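Student: Numbered according to this note's numbering, the sequence shown terminates at residue 283, and the numbering increases by one at each position without gaps.
Treat the hints as calculated values from the structure; they're not laboratory data.
Treat the hints with care, as some may be off.
Straight-line Cα separation of at most 30 Å, DSSO-like style, residue types lysine-lysine; simulated pairs [as the list claims (entries may be wrong)]: (1) Lys-194 with Lys-163; (2) Lys-88 with Lys-175; (3) Lys-163 with Lys-103.
Keep in mind it's a predicted model, so treat the numbers as computed, not measured.
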Amino acid sequence: MRYRLFPGTDIKVSEVGFGTWTLSTGWWGEKTDDEAVEMLRIAHDKYGVNFFDTADTYGNGRGERQLAQAFRGKRAGVVYATKIGYDIYDPTAQSGRRGQNELPQKFDRDYMRLAVDKCLERLETDYIDVLQLHNIKMEHVRDPAIWETLREMRSEGLIRSWGAAFGPAIGWLYEAVELCERESDIGTIQMIWNLLEQHPGTAMIDAARFRNARGQVHRGYRVPGE
Numbered sequence: 058m059r060y061r062l063f064p065g066t067d068i069k070v071s072e073v074g075f076g077t078w079t080l081s082t083g084w085w086g087e088k089t090d091d092e093a094v095e096m097l098r099i100a101h102d103k104y105g106v107n108f109f110d111t112a113d114t115y116g117n118g119r120g121e122r123q124l125a126q127a128f129r130g131k132r133a134g135v136v137y138a139t140k141i142g143y144d145i146y147d148p149t150a151q152s153g154r155r156g157q158n159e160l161p162q163k164f165d166r167d168y169m170r171l172a173v174d175k176c177l178e179r180l181e182t183d184y185i186d187v188l189q190l191h192n193i194k195m196e197h198v199r200d201p202a203i204w205e206t207l208r209e210m211r212s213e214g215l216i217r218s219w220g221a222a223f224g225p226a227i228g229w230l231y232e233a234v235e236l237c238e239r240e241s242d243i244g245t246i247q248m249i250w251n252l253l254e255q256h257p258g259t260a261m262i263d264a265a266r267f268r269n270a271r272g273q274v275h276r277g278y279r280v281p282g283e
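Using the sequences and the hints given, assemble the complete structure.
Tutor: As structure tokens, then:
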């Protein structure tokens, strides 16, 4: 396994990450928590994977709880990336959710801090290595209060690096590019990019590379399982 550093940090991650979306929901077949934990441990112990990507909305926190169970007592040896932004705490929205339908999004300061506190609790840790805002839209990209809240939490030690995850294969190209241009200290972007789906991800990566030459953005990618 080869590893990379997030620019401007000491966060060292495996080039191949492990996404927990498929483990924590039943959309691609059911996995028990014990099966999920075993897979996570094998990826780490046998193959050197140390970068694990999840989100609070994956199984309503199940993905985060699986990571905590898999690496309890080994926190220093793994890198946790999680995402917030969907209101998983609204019972009305949850009861009406079907399949991959999106929940309402919330990015006000109080909600973001609540969501991070809940993530920390489920992950059984006092810091998140990489926090990303989940499937943000242009209105969020252009709201400086959102990004100031992330900086505030980073200064408090709750998160180490922050950024955003962008949408489906059709992508949110202009949102990602504009975010790289507007927020010079963004740490990461995440998008779909693979052999079959290289647009608009390649353009997003080019924007990140350009920003990296001037600042602190990490070249984003969608990890296996995402």
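Student: Would you mind marking each hint as holding or not holding in the structure?
Tutor: Here's how the hints hold up against the structure:
Under the criterion of a C-alpha separation no larger than 30 Å, the hint pairing Lys-194 with Lys-163 is consistent with the structure, at around 11 Å. For the proposed pair Lys-88 and Lys-175, the alpha carbon gap of about 23 Å is at most 30 Å, so the pair holds. Pair hint Lys-163 plus Lys-103 does not hold up; C-alpha atoms about 39 Å apart against a cutoff of 30 Å.
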